[in-house]
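J.: These are the residues of each chain, in order.
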Amino acid sequence: AQKVTQAQTEISVVEKEDVTLDCVYETRDTTYYLFWYKQPPSGELVFLIRRNSFDEQNEISGRYSWNFQKSTSSFNFTITASQVVDSAVYFCALSALTDSWGKLQFGAGTQVVVTP
Amino acid sequence: GAVVSQHPSWVICKSGTSVKIECRSLDFQATTMFWYRQFPKQSLMLMATSNEGSKATYEQGVEKDKFLINHASLTLSTLTVTSAHPEDSSFYICSARKLAGADTQYFGPGTRLTVL
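Chains as they are written, first to last, in the working numbering: chain G, 1 to 116; chain R, 1001 to 1116.
I should point out that these hints are in silico values taken from the structure, not numbers from a laboratory.
Every residue gets a Cβ at the ideal spot worked out from N, C-alpha and C, and that includes glycine.
One should not assume that every hint holds.
Claimed, not checked - Estimated spans, in silico, between C-beta atoms of each pair:
| no. | chain 1 | residue 1 | chain 2 | residue 2 | range |
| --- | --- | --- | --- | --- | --- |
| 1 | R | Ser1073 | G | Arg63 | 34 to 42 Å |
| 2 | R | Ser1018 | G | Arg63 | 21 to 29 Å |
| 3 | G | Asn67 | R | Thr1082 | 39 to 47 Å |
| 4 | G | Ala1 | R | Thr1082 | 41 to 49 Å |
| 5 | G | Asn52 | R | His1085 | 40 to 48 Å |
| 6 | R | Leu1076 | G | Lys16 | 39 to 47 Å |
| 7 | R | Asp1027 | G | Glu56 | 45 to 53 Å |
| 8 | R | Ala1072 | G | Glu15 | 42 to 50 Å |
Stated by the list, open to error - With the Cβ distance kept under 8 Å, some of the chain R side facing chain G (calculated, not the full set):
| no. | residue |
| --- | --- |
| 9 | Cys1013 |
| 10 | Leu1046 |
| 11 | Pro1109 |
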């Protein structure tokens, strides 16, 4: 069974500060995919990134960056120079290849509050 | 892009009535669609997996006679909450996936159901 842990319930920062969201996962599969989604107050989940288990390269997209470390089963997400529009709940999710339906196992989510 | 729509975005109904929620993939054909339920300040809970032309696969604890799912085409899945009761009040979100396996799921904007 898959499990995703986001230990941080809520993080509050002042605008322009960096914020790092932790994600730790558990799976017995050797092939799996990791995702991050953003859920702003409107409710819609916005896809941010998908990473497969064989690609440990870190990725940067604008102010967003991701650090994938298989040795610690972590897939952390950093927002650099945060902005008020970054305020949202962020979910980390895992999908195992052996699950033919590709079901997503979500973490509990981390609420990010960015104040001006 | 990959756009998924849901209709209605919100609905208020009386106890005992049935409510139908539509999920459409607007710019791609979805082999699989998923239905989730989300309670306030909680993560997403998968209710069922829906494949076009076949019966939906329900997660443990989800009443299939209560939550009827129809996936009539590659771009449309519907969730009908039958004989709704106040405890069915929730945020329902669908997602759609282009390819089989662990391809990215794209989410709709969600439907807020309130049962009086």
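J.: Please test the hint of 39 to 47 Å on the beta carbon pair from R:Leu1076 and G:Lys16.
T.: For G:Lys16 against R:Leu1076, whose Cβ atoms are near 44 Å apart, the range 39 to 47 Å holds.
J.: A range of 21 to 29 Å was offered for this pair. Does it hold for the Cβ distance of R:Ser1018 and G:Arg63?
T.: violated, 45 Å
J.: Are R:Pro1109 and chain G close enough, Cβ to Cβ, to be under 8 Å, as the hint says?
T.: holds, 4 Å
J.: Does the Cβ-Cβ separation between R:Asp1027 and G:Glu56 fall within 45 to 53 Å?
T.: violated, 32 Å
J.: Taking the Cβ atom of R:Ala1072 and the Cβ atom of G:Glu15, is their distance within the range 42 to 50 Å?
T.: holds, 47 Å
J.: Is the interface hint for R:Cys1013 satisfied, with its Cβ closer than 8 Å to some Cβ of chain G?
T.: violated, 19 Å
J.: If I claimed the Cβ atoms of G:Ala1 and R:Thr1082 lie 41 to 49 Å apart, would that claim hold in this structure?
T.: Since G:Ala1 and R:Thr1082 have Cβ atoms about 30 Å apart, the given range 41 to 49 Å is violated.
J.: With 34 to 42 Å as the target window, see if R:Ser1073 and G:Arg63 comply at their CB atoms.
T.: holds, 39 Å
J.: Does the CB of R:Leu1046 sit less than 8 Å away from some CB of chain G?
T.: Holds, about 6 Å.
J.: Does the Cβ distance between G:Asn52 and R:His1085 fall inside 40 to 48 Å?
T.: The hinted range 40 to 48 Å holds for G:Asn52 and R:His1085, with Cβ atoms some 42 Å apart.
J.: Are G:Asn67 and R:Thr1082 spaced within 39 to 47 Å by their CB atoms?
T.: holds, 46 Å
In summary, the numbered hints that this structure violates are 2, 4, 7 and 9.
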